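Undergrad: Spelled out, the chains give:
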Amino acid sequence: MSEADGKYRRVAYYPGCALEGSGHAYDRSTKALGKELGLDLVEVENWNCCGAMEVKNIDPKLQTYLSSRVMSIAASEMGFDTVMAPCNGCYHNLKKAEHDLAEDPATVAVVERLSEKAGHETYKAGDIETIHALDWIREAIGEDGIRERVKNTLSGLKIANYYGCMYTRPRHIFPEKDQGPNSESTYEPHFMDDLLRAAGAEIVDYPLKTACCGGAHTLSDCDTSTKLVLNLLEAAEACGADVIATECPTCHSGLEMHQIRAETRYGRKTGVKMLYFTQLLGLALGIRPRKLGIHENVSDSRALLKEKGLA
Amino acid sequence: MPIHEKSLIRPENIISHENLEIDGIDVSGHWSTFIKPRVVTDYNEDTEEEIAALPGGEFIHRCWQCGSCTNSCTVNALDPEFNPRYWIYLARLGMEDELLRDKDRIWQCVSCNKCTYSCPRDVNPEGVMKAMSHWLELKGHTPTSPSMQFDEEFSGQVFETGRIEEGRIIRGFFKRTGQNLMQDWLVELVKRLIRGLPVKLLMTMGLANIFRPRTRGWGPAREAIEEYVAERKMADRKALGLDEPGIAEQESEQ
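First to last, the sequence lines map onto chains A and B. Numbering (this note's numbering) for the first sequence: 1 to 311. Numbering (this note's numbering) for the second sequence: 1 to 254.
Mixed in with the good hints there might be a few duds.
Dumping the calculated BS3-like pairs for lysine-lysine here, alpha-carbon to alpha-carbon at most 25 angstroms [as the list claims (entries may be wrong)]:
(1) B:Lys238 x A:Lys227
(2) B:Lys103 x A:Lys291
(3) B:Lys233 x A:Lys227
(4) B:Lys233 x A:Lys117
(5) A:Lys306 x B:Lys191
(6) A:Lys209 x A:Lys158
Derived CB-CB ranges, DEER-like [as the list claims (entries may be wrong)]:
(7) A:Lys117 x B:Gly206: 32 to 40 angstroms
(8) A:Pro181 x B:Asn71: 53 to 61 angstroms
(9) A:Lys117 x B:Glu137: 23 to 31 angstroms
To be clear, the hints were calculated from the coordinates, so they are not data collected in a lab. Small disclaimer: the values here were computed from a predicted structure and weren't measured. The C-beta atom is built at its ideal place from N, Cα and C for all residues, glycine as well.
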């Protein structure tokens, strides 16, 4: 069994702000999945916001500082060598901070200064590895591991996998991607496809995997976001998908929110349902839907899951 | 950078004569149409440097106008006038009048990073778009964009407590921009949200409004951040020559 590897079986867990609010179901299902699979998640103590999509527009180095504080606590105070972030925004920012602190002395100077004044250890590039929830499951359990553990196959469920922007772009902050077979591709990511396929799902060919949902302007430029989301939803339906699998709370709530806005404002109704990939894997492993927060999703997938014999 | 831009020749820049005679020679017909000439004073030689001085704009000088950014752009697909490649061209030449025609568009960049991904010269066009919209605001060409208002609301809460609470962000942003919170689609969203949520979670979410989530011992970090932000703001204004009178003299004395 893949446990022999042992990689990522115990990691620092950085949920981030969204997972305490609109992304609560993602937090719940990630933890439930960890528990079911015997993987330890130890929450980063007294964490702070990574800076999301906003602080960089005040100043990018400040965003790097915020992200570095999280890594500093996980590495120096808690002694972890890996921190796992399920949110694309958090994951992206920690990766970007790692990159900038390795490459840009001016950023290092700002982070040193702020860390000293704030009274915590300055984070140094290389002290910890940041991974996404997808890397976590894929390395610690793997496709074979999932296949062995499936209790309710997802067969019959047609899924379009949506990765969004922050998981793969820009390429230079993800040095481990695009390294040939077995590594993630920034052009056509496939980790979520692989895992859900192993759980029995029928993965549809979805060309908008890494298209943008307008998340950064989800409230400040609603019409643009609605158009972008509607495009994602209608394309998924045209590909025959019942479900769009997500791996980011901002994308997920953006899709749900603008699905409703497209319906109320433009009369464009779409029926495709959004589910976090952790919820889908959890269902396949036989975890109870309530424990996965299926009822918390705004796009209500319960009837569909019942029809497919999954809930 | 001899890029031929058809759109540069706007109707108002075309001088046309029905019948034209030059030096006694009749040049009516094709030869009667001219493009209004530009002169050296039409260009602002500082534009590129000013934008480069703002965070994100540092590498604007690397651009060689291949157009990969515009080609990959998410917003361009919705609005063909949204053209990062062209704006970088204008900024580098210092054609401010032309750039200002699109001043109410530039902030709409959604930061999807497709441009930065495809740029062969590491210009970081996403950062340049942010620097440009920041530049427009600082120079007083545009009011603070909705996007920047959101960023300020969000960042303000992060600086204050170390974390954000989404409900507070939404209310703060709508208040800041003078919008009614009771939008039909938001009401519908909340209705559908509540339908599935357990009472316990609703209570937790409600309580988060009163007992705001915060990072313990955040005070010193907050102070350090606020001091840094104030410095940054001053540096940005200085780079754009917007210093309040007196500051420049004080510094030159030192």
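Undergrad: Hint by hint, note whether the structure agrees.
TA: Hints and how they fare:
| no. | hint | result |
| --- | --- | --- |
| 1 | B:Lys238 x A:Lys227 | 39 angstroms, violated |
| 2 | B:Lys103 x A:Lys291 | 49 angstroms, violated |
| 3 | B:Lys233 x A:Lys227 | 34 angstroms, violated |
| 4 | B:Lys233 x A:Lys117 | 20 angstroms, holds |
| 5 | A:Lys306 x B:Lys191 | 23 angstroms, holds |
| 6 | A:Lys209 x A:Lys158 | 15 angstroms, holds |
| 7 | A:Lys117 x B:Gly206: 32 to 40 angstroms | 35 angstroms, holds |
| 8 | A:Pro181 x B:Asn71: 53 to 61 angstroms | 29 angstroms, violated |
| 9 | A:Lys117 x B:Glu137: 23 to 31 angstroms | 29 angstroms, holds |
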